[in-house]
Amino acid sequence: MIEIKNLCKRFGSTEALKSLTLTIPAGQVYGLIGPNGAGKTTTMSILATLLSADSGTAVVNGVDVAKEPRKVRRVIGYMPDFFGVYDGLTAREYLSFFASAYRIPEEKHERLVNDLLELVNLKDKADTFVDNLSRGMKQRLALARCLVHNPQVLILDEPASGLDPRARAEVKEVIRQLKYMGKTILISSHILPELAEICDQVGILENGRLVVSGPVSDITSGSQETRIINVEVYENQKEMLEYLHKYPGVLQADKIEKGVRLIFKGKREEQQRLLKSLIEKNYPILQFAVQPGSLEDTFLAVTGEGETI
Amino acid sequence: MIEANPVLLKELRQRFRNYKAPLIFFIYLLVIGGFILAAMYLDWRHFPSTFNPSRSREIFIVLSLVQLIMLAFVTPGLTAGTISGERERQTLNVLLTTDLTPGGIVISKMISSCSFTLLLLVSTLPLYSIVLIYGGISPWQLLAVFSFYVVTMFLFAAIGMASSAFFRRTGVSTVTSYAVTAFLLAGTAFLAMFIYEVTVSNVYPRPDTLPAAAQLLLDINPVVVLMCILGEGPMLDKHADWFLPYWLIYTLFYLISGLILLWWGSLRLNPLRKKSNY
Ligand SMILES: Nc1ncnc2c1ncn2[C@@H]1O[C@H](COP(=O)(O)OP(=O)(O)OP(=O)(O)O)[C@@H](O)[C@H]1O
Ligand SMILES: [Mg+2]
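Just so you know, the protein sequences line up as chains A and B, in that order. If you read the first sequence in the numbering used here, its first letter stands for residue 1, the second for the next number, and so on. If you read the second sequence in the numbering used here, its first letter stands for residue 1, the second for the next number, and so on.
Just so you know, not all the hints are guaranteed correct.
Claimed, not checked - The following label-pair restraints were derived from C-beta to C-beta distances:
1) F11(A) to E232(B): 55 to 61 Å
2) M181(A) to K20(B): 48 to 54 Å
3) P165(A) to R169(B): 34 to 40 Å
4) A126(A) to F73(B): 54 to 60 Å
5) A126(A) to L30(B): 36 to 42 Å
Stated by the list, open to error - Think about it this way: if two alpha-carbon atoms lie no more than 25 Å apart in a straight line, the pair counts; the simulated DMTMM-like pairs of lysine to aspartate or glutamate are:
6) K265(A) to E242(A)
7) K20(B) to E239(A)
8) K179(A) to E118(A)
9) K265(A) to D200(A)
10) K18(A) to E239(A)
11) K238(A) to D200(A)
12) K255(A) to E239(A)
13) K123(A) to E107(A)
14) K108(A) to D99(B)
15) K71(A) to D99(B)
16) K138(A) to E88(B)
17) K125(A) to E110(A)
18) K125(A) to D164(A)
19) K20(B) to D87(A)
20) K276(A) to E257(A)
21) K67(A) to D43(B)
22) K108(A) to D127(A)
23) K138(A) to D164(A)
24) K246(A) to E225(A)
25) K179(A) to D99(B)
26) K138(A) to D99(B)
27) K71(A) to E118(A)
28) K276(A) to E242(A)
29) K18(A) to D54(A)
30) K138(A) to D115(A)
31) K20(B) to D127(A)
32) K172(A) to E257(A)
What the hints assert, rightly or not - Sample of chain A residues with no beta-carbon within 12 Å of chain B, all distances over it, derived:
33) R74
34) N121
35) Q152
36) V233
None of these hints come from the bench; they were simulated from the model. In this text, a Cβ means the ideal position worked out from N, Cα and C, and glycines have one as well.
The following block holds chain B by itself, in its conformation from the complex (with noise of 0.2 Å):
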């Protein structure tokens, strides 16, 4: 983690010192927190002056999902440019020329966007509490959708930073990164579906289990997940824990699956490798 140190203050100071920085900021809030007031107005309206705590676990749900897609929306985008842009602004070269390691540089840049996504999810914690004062969740719940996130933004960077480490060129590595997300929260979900249809749906009895490809399918799929963890039902008929607990193996395969792409990252960073560039 030392040799970590220099990049990591570099970009730090690079991130927040940029116009950039609060304006992320403040749409991040403004969204999530237009979110909730206009939550709170819907119900105020439909029964003004009660208080039930039922429809406070609803503006929770809404709450944690829209968190949850804009994190999808900011995080690859922050790393997605990370070496890309290192390399089209030739500043690449000149960092491997020093004592740092490939390994040692992905994993600062890692450490700098994703302080700063712990930052946003952080600063929307006030917006929480107010949900919390309505009562319908618990402290718990809301410690382990946070940790949700965590581990959900740690996989969403890595893909960003492996797809920039990647590609040469910082546009075709955010819309890779934006795909490979965009498939993690529907395509899993859709893709799931479209098995249990063909193999399962029509077969009398039903399996008592789904089949594995479909299982697995589910368990990796963050909106999936969040619904379990905020205890709504299961999405597709007998979806249930499989070998392990659900989220154990969505956090296992969100963080292995994250620092396998970190490592492939850094030995495409380094120089002296046999492929070529793309």
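Just chain A, with the same shape it has in the complex (with noise of 0.2 Å):
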């Protein structure tokens, strides 16, 4: 179970996280999906308390990250999105170091590696140098490690990034078993494809705020409320796009060319109303038209996601 509520968090001019909001029920996968610089990374180091919010709170399994770091910590399994691993260490000797860094004691080791590597799938390269794994086995490594103290809540920043499709697999496979064994999850990507198969829910970050959030059926369906607009003017840009940010339903509001690109939830009603009081402020619409397609469409040709996979 993991609630954020109102998160903010500024690098100096940059926002990162705009009271960002969210809730995962417990033993579901939640999959957190956004282009570069979305939020993604930041939002978990905080839950994985590696990073203090600025404003808001973050709770795992009741227990605040702010307030109860050490508490956190323990039920919680992270994996960085960049991480090393130690070199002069076997692939058992690396995760029988970290279970003492959880404190499991030390006659538990032997049965719990083993069972770990097995889960991976790495169970051949017990007694390898981890530096001479390749990527995809220490990405199964990493997560395998995650798992050592049996956290409830697992924390996976992007672990199949990097890898062959092959690899990829492998990983989502590990994924949908910790599911299985019914551990609450957040995941990111900066693909919906990819997680779209594993997850329960998804949200859409940008910007650092959530523009979607809900069941997967919905978004990949173009059911939602949720849709994408752009607003043609040939001028006042500038005051349109003011008016729109304090608009309600409005997620969120770009400059694009020729006008402003929004992300507008609401019924239709609510959308009828909305160019309505565009009209009646006088601003000179040439344009306001819906996005055709499903928000996952739309999403991957607004942030030229789609050809990376």
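Reassemble the complex: the two chains are provided individually, in unrelated frames, and hints are given to aid placement.
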């Protein structure tokens, strides 16, 4: 169970998270999707007690991340987006080291390490030095490492990035098994298709804001109430942008070449009211176009992430 | 100390499995052994077939100084990369999300580095026995010198630890810790001399004691203190025991500053502290 409420974080002048609110029920797999710089790693670092938020709260299994970080550390398994491994240690010793770091008694290590290596399919590499493992193997070893203390919650930052399709499938398989074991999992990626099959819910994060969040089927089918609308004007672009920023239901509004691209959440009547109010405000509207297709398609088109798969 | 165990074990494993460990031992012993053999050879050339305890004392002094300088080279180098190295290899974050506390991590890394240096020190004992056989020094003096090394090594190692917790890059951390070590070794003496020159040297009649700053600087200078332990005269006129015996001041200063540095290092390691990194 993860509850994030109004989480804000800024680095100098960049606002990495703008009042992020997000709830993940126990036992669910939640996929956090967003382009580079959206704030995925920032969110996960805060949950992993590696970064302190400026304001807002993050609660993991009922424990506040900022107030009792040590308690949180015991219930989460965290896999960072970039990580290194120690040289001069074998895979077995590596896992055993982390087991002792979580104060698991020595006599339980052998069984635990064997089970974990089995789970991530690295049994035959048990006595290989970790720095000699391939990237995919390291990634799977890191997954095993997250599980050493049998945490209820897993926070996996782009666990499949930089892997070939086969290695990616293997990582996904492990995550599927973890879901089966009843873990609550927060997983990030910058491509939705990668997560669609294994997640119960996904959220799209852009510029530190959760643009949409909901069951995967809603987002991929286009039946959701959130849509992307391009409003084209020939002047007063700036004023309209400011107006839209304050308009209820507008999740995000960005300047595009000839107007504003906005992500709007609301029923059809509310969309109609939005258009009406824009006209009443006398903005010289040329076009008010809801982008066709599912939100996923649109999102991919807008952020240009579609090709990377 | 229980929580220090896993990191300590891992560090020791990594440290001693590495090809660097035997290499450091080899070079260390080679340098110190080389010095002692050269000194004995010169001694023998000048006075063949005589044993002179006073010259054996000289060899002992040279040996002790060389060992101090070697320690100053090895110790900060061993610790200056321990935390920044983990940062650079991107292994630190994961370590910090485990049940280990920053303090525990710092202490275990410290113990691992210090046990390596201790082993270096112990490995030079046979060389000392040569001097001991010739006479001129007492086993007590030898014990005092080794205790001095342990105390000195503690602060040198703590300087490296603190600087590696503070700086992001191992390079910067290494340079800084060597600079601070060099200041302790030489800078303090120069500064003491400078203070002495500007305040006391041309005052007549000379005051009976040194200015407090100069006194303190001399008391924390490893070379000066080592010389005192070996019974060599005051390096600077009027340098004598202050309100405490010189060795006690030295020990207290080194242990307390070392502990403060380690404590500060573990504060820096806490990811949730508010300040930004360097
Ligand atoms: N330590 C930092 N110092 C300054 N700015 C930072 C820092 N960490 C993140 N940022 C900024 O915060 C924003 C969010 O970054 P974050 O790493 O959370 O994005 P992300 O969604 O993980 O992106 P990616 O897909 O590239 O991993 C970015 O604009 C980034 O430049
Ligand atoms: Mg990231």
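So, going through the hints one by one against the coordinates:
In this structure the hint that F11(A) and E232(B) lie 55 to 61 Å apart at CB holds, the actual value being about 57 Å. A hinted range of 48 to 54 Å for the beta carbons of M181(A) and K20(B) is inconsistent with their spacing of about 42 Å. As the Cβ distance of P165(A) to R169(B) is approximately 37 Å, the hint placing it in 34 to 40 Å holds. Range check, A126(A) to F73(B): about 39 Å between beta-carbon atoms, so the 54 to 60 Å window is missed.
Checking the proposed 36 to 42 Å range against A126(A) and L30(B) shows it holds: the Cβ atoms sit about 39 Å from each other. For a cut-off of 25 Å, the pair hint linking K265(A) to E242(A) stands: about 18 Å separates their Cα positions. Under the criterion of a C-alpha separation no larger than 25 Å, the hint pairing K20(B) with E239(A) is inconsistent with the structure, at around 66 Å. The suggested pairing of K179(A) with E118(A) holds, with an alpha-carbon distance near 17 Å, which does not exceed 25 Å.
A distance of roughly 21 Å separates the Cα atoms of K265(A) and D200(A); the hinted pair therefore holds under the 25 Å criterion. Pair hint K18(A) plus E239(A) holds up; C-alpha atoms about 22 Å apart against a cutoff of 25 Å. Restraint check for K238(A) and D200(A): not satisfied, since their Cα atoms lie roughly 39 Å apart, outside the 25 Å limit. Proximity of K255(A) to E239(A) is assessed by CA-CA distance (about 11 Å); at most 25 Å being required, the pair is judged to hold.
Among the hinted pairs, K123(A) with E107(A) is consistent with the structure: their alpha-carbon atoms are about 19 Å apart, no more than 25 Å. Using a Cα cut-off of 25 Å, the hinted pair K108(A) and D99(B) holds, with the two alpha carbons roughly 17 Å apart. Between K71(A) and D99(B), the direct Cα distance comes to roughly 9 Å. Compliance with the 25 Å bound is thereby established for this hinted pair. Annotation: proposed proximity of K138(A) to E88(B) holds, straight-line Cα distance about 18 Å (limit 25 Å).
Distance check on the hinted pair: K125(A) and E110(A) sit about 15 Å apart at the alpha-carbon level, within 25 Å; holds. The suggested pairing of K125(A) with D164(A) holds, with an alpha-carbon distance near 19 Å, which does not exceed 25 Å. Distance restraint check for K20(B) and D87(A): the Cα-Cα separation of roughly 13 Å lies within the 25 Å cut-off, and the hinted pair is therefore satisfied. Restraint check for K276(A) and E257(A): satisfied, since their Cα atoms lie roughly 23 Å apart, inside the 25 Å limit.
Annotation: proposed proximity of K67(A) to D43(B) is violated, straight-line Cα distance about 68 Å (limit 25 Å). The straight-line distance between the Cα atoms of K108(A) and D127(A) is roughly 18 Å, inside the 25 Å bound, and the hint therefore holds. Distance restraint check for K138(A) and D164(A): the Cα-Cα separation of roughly 13 Å lies within the 25 Å cut-off, and the hinted pair is therefore satisfied. Restraint check for K246(A) and E225(A): satisfied, since their Cα atoms lie roughly 19 Å apart, inside the 25 Å limit.
Distance check on the hinted pair: K179(A) and D99(B) sit about 24 Å apart at the alpha-carbon level, within 25 Å; holds. Distance restraint check for K138(A) and D99(B): the Cα-Cα separation of roughly 22 Å lies within the 25 Å cut-off, and the hinted pair is therefore satisfied. Restraint check: the Cα-Cα separation between K71(A) and E118(A) comes to about 28 Å, which exceeds 25 Å; the hinted pair is violated. A hinted pair counts as satisfied when its Cα atoms are at most 25 Å apart, and K276(A) with E242(A) qualifies at roughly 17 Å.
A threshold of 25 Å between alpha carbons decides the hint, and for K18(A) with D54(A) the separation of about 10 Å falls inside it, so the pair holds. Using a Cα cut-off of 25 Å, the hinted pair K138(A) and D115(A) holds, with the two alpha carbons roughly 17 Å apart. For the given pair, K20(B) sits about 22 Å from D127(A) by alpha-carbon distance, which is consistent with the 25 Å threshold. Only pairs whose Cα atoms come within 25 Å are accepted, and K172(A) paired with E257(A) is rejected, the gap being roughly 39 Å.
Non-interface status of R74(A) relative to chain B is broken: a Cβ of that chain comes within 12 Å, the nearest being about 6 Å off. With a least beta-carbon separation of about 21 Å from chain B, N121(A) lies farther than 12 Å from that chain, consistent with its non-interface assignment. For Q152(A), the shortest C-beta to C-beta distance to chain B comes to about 15 Å, beyond the 12 Å cut-off, and the non-interface label holds. V233(A), annotated as away from the interface, keeps every beta carbon of chain B farther than 12 Å; the closest lies near 41 Å.
Hints 2, 4, 7, 11, 21, 27, 32, 33 from the earlier list are contradicted by this structure; the remaining hints agree with it.
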